[in-house]
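Engineer: Note that the protein sequences, when read in sequence, are chains D and Z. Just so we're aligned: 63 in the numbering used here is position 63 of the first sequence, and the numbers increase by one with no gaps anywhere. Just so we're aligned: 59 in the numbering used here is position 59 of the second sequence, and the numbers increase by one with no gaps anywhere.
These are calculated hints, taken from the structure and not from any lab test. Don't take every hint at face value.
[What the hints assert, rightly or not] With beta-carbon atoms standing in for the labels, derived distance ranges:
(1) Z:A54 x D:G122: 14 to 22 Å
(2) D:A124 x Z:R40: 15 to 23 Å
(3) Z:I53 x D:E206: 58 to 66 Å
(4) D:Q153 x Z:A61: 21 to 29 Å
[What the hints assert, rightly or not] Chain D stretches covered by chain Z per the calculated footprint, using a threshold of three residues with CB under 8 Å from any CB of chain Z:
(5) 106-114
(6) 134-140
(7) 167-173
(8) 231-244
(9) 276-283
Glycine included, every Cβ here is placed at the ideal spot set by N, Cα and C.
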Amino acid sequence: MHRRALAAAAAATLALAAARAARADGEITLRGAYYKERSTKVQQPMIDARLDVGPGELNAHVLVDAITSASVASGAEGEAFTEVRYEHAASYLHRSGWFRLGGGYRFSDEPDYRSLFFTVQGQAELAERNTVLGVALADGSDEISNGTVSGLQTLQADLDTDLVSASVTQVLSPVMVAGVTYDLVMLDGYLANPYRTVSAVNDSGEAQKFDERVPGSRTRHALFGSVRRFVPETGSTVFVGYRYYQDDWGIVAHTPEVRFHQDILRDASVRLRYRYYEQTAAEFYRDRYDAPQQYLTDDPKLDAFRTQTFGVQLASELGLFGVGGKLAGVRVELLAEYVTQTSRFGDAVIGQLAISLPLEY
Amino acid sequence: MRYPPVTLRGTFGPIVGARTALVALVAVVASLAGACARVRPYQREDLARRSMIADQDAGEARFQQHARGSREGADGGTGEAGGGCGCN
Chain D
1 MHRRALAAAA AATLALAAAR AARADGEITL RGAYYKERST KVQQPMIDAR
51 LDVGPGELNA HVLVDAITSA SVASGAEGEA FTEVRYEHAA SYLHRSGWFR
101 LGGGYRFSDE PDYRSLFFTV QGQAELAERN TVLGVALADG SDEISNGTVS
151 GLQTLQADLD TDLVSASVTQ VLSPVMVAGV TYDLVMLDGY LANPYRTVSA
201 VNDSGEAQKF DERVPGSRTR HALFGSVRRF VPETGSTVFV GYRYYQDDWG
251 IVAHTPEVRF HQDILRDASV RLRYRYYEQT AAEFYRDRYD APQQYLTDDP
301 KLDAFRTQTF GVQLASELGL FGVGGKLAGV RVELLAEYVT QTSRFGDAVI
351 GQLAISLPLE Y
Chain Z
1 MRYPPVTLRG TFGPIVGART ALVALVAVVA SLAGACARVR PYQREDLARR
51 SMIADQDAGE ARFQQHARGS REGADGGTGE AGGGCGCN
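Kindly produce the complete structure, drawing on both the sequences and the hints.
Structural biologist: Here's what the structure looks like:
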């Protein structure tokens with residue numbers, strides 16, 4: 001796909017959104033996310049906005065990503081570092097009759113990595129909106145360097161990403177809906193970590209550190225299917241999903257997930273979540289390299305491992321606590337998750353606190 | 001310099017193959033779609049519930065995708081491009 005065409009389409013849809021003004025509503029969410037594992041901590045405050053704009057919907061977000069890790073190379077040994085990443089994005093989806101068309105961008109910037117994505121997407125609503133077909137195209141351009149660590153040979157590299165996505169959502173009954181999404185992602189460029197080194201036995205029989213070397217392209221396939229069902233008698237919603245993943249580096253992954261959502265009071269709910277993840281190793285991954293090879297990696301993500309996620313989320317509107325007026329509809333969410341990982345990263349905990357303010361204008 | 005041939009390595013191995021997973025998924029969705037009745041607009045009250053549209057807000061889902069993308073070899077299935085950061 002052509003990056004300029006995608007960028008132009010995304011810019012045109014955002015300009016269209018800006019030109020429209022009508023009575024509508026929306027929601028602004030302030031969220032703080034926290035991730036902690038043995039050697040890495042992530043703090044991420046963010047603001048999300050969803051606004052009705054004319055016949056369409058505008059979505060935007062800004063976030064700050066503060067990462068503190070024991071090593072600049074994820075999963076490797078080294079000195080502790082802290083890095084801050086900034087991201088902003090916006091997209092607009094315009095409704096016209098039975099179809100929607102839109103686009104957007106996402107920009108991310110940190111000291112040694114800069115990324116810009118453009119996306120265009122379309123949806124067709126068929127059979128009285130019982131069937132929704134969707135397609136999305138995205139093109140990303142990343143610039144990578146290793147400027148945050150002194151003493152290394154300077155690196156300036158690029159990575160291009162293309163995404164083709166197709167989805168089907170089908171209403172099965174007044175209380176049940178199913179969906180299938182297929183994503184094809186093609187990566188081309190620098191895919192290693194510029195700070196990661198790998199130990200291998202050299203021709204002299206001695207252990208030697210080499211820079212990580214992985215293939216210069218990667219093609220990823222992901223197929224995700226899900227079913228949601230609401231049970232009116234109990235106020236429960238059950239979500240069952242499964243993702244199959246395969247790429248040309250030899251990784252195959254299975255990800256089943258179950259979520260159970262229960263209304264516990266008029267304006268409050270609890271959600272339980274379990275997710276299982278298992279993957280095989282990349283073809284070129286070795287626990288130990290007895291000789292230098294074409295590809296060398298020490299990336300824990302390319303080894304075989306499994307994870308399990310156990311989560312609980314509590315959500316309530318302030319009206320439950322006697323708050324009246326416009327603030328009664330303010331929604332507060334508290335989320336806690338525990339992730340077991342058999343990879344070298346070790347177990348992790350995740351926490352999130354969000355406040356959503358409904359808007360009418 | 002010649003390198004040793006690459007061989008597939010996996011501790012667990014796939015539970016099922018790609019073709020089996022695809023056929024099973026298509027069969028399930030097709031059977032569900034074939035069994036469904038057309039839902040009229042006035043019957044959509046429960047379908048419009050927050051838990052039925054998306055019980056994960058955009059920010060929650062994005063953070064989870066970001067965390068997984070830097071800890072798991074697999075990515076995708078969300079209809080959105082992952083990556084975009086130096087968390088590799």
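Engineer: Work down the list of hints and note, for each, if the structure agrees.
Structural biologist: Hint by hint, here is what the structure shows:
The supplied range of 14 to 22 Å is met by Z:A54 and D:G122, whose beta-carbon atoms lie about 19 Å from each other. Roughly 19 Å separates the CB atoms of D:A124 and Z:R40, a value that falls within the hinted 15 to 23 Å. Between Z:I53 and D:E206 the C-beta distance comes to about 60 Å, which sits within the given range of 58 to 66 Å. Remark: the range hint 21 to 29 Å for D:Q153 to Z:A61 is contradicted by a beta-carbon distance near 38 Å.
Using a Cβ-Cβ cut-off of 8 Å, 5 residues of the region 106-114 of chain D lie near chain Z, which meets the minimum of three, so the contact claim holds. Interface restraint, the region 134-140 of chain D with chain Z: holds (4 residues with C-beta to C-beta distance below 8 Å; minimum three). A count of 6 residues in the region 167-173 of chain D with a Cβ less than 8 Å from any Cβ of chain Z is obtained; the coverage claim is therefore met, three being the minimum. With a cut-off of 8 Å between beta carbons, the region 231-244 of chain D has 6 residues touching chain Z; three or more are needed, and the interface restraint holds.
Coverage of the region 276-283 of chain D by chain Z holds in this model, with 7 residues showing a Cβ closer than 8 Å to a Cβ of that chain against a need of three.
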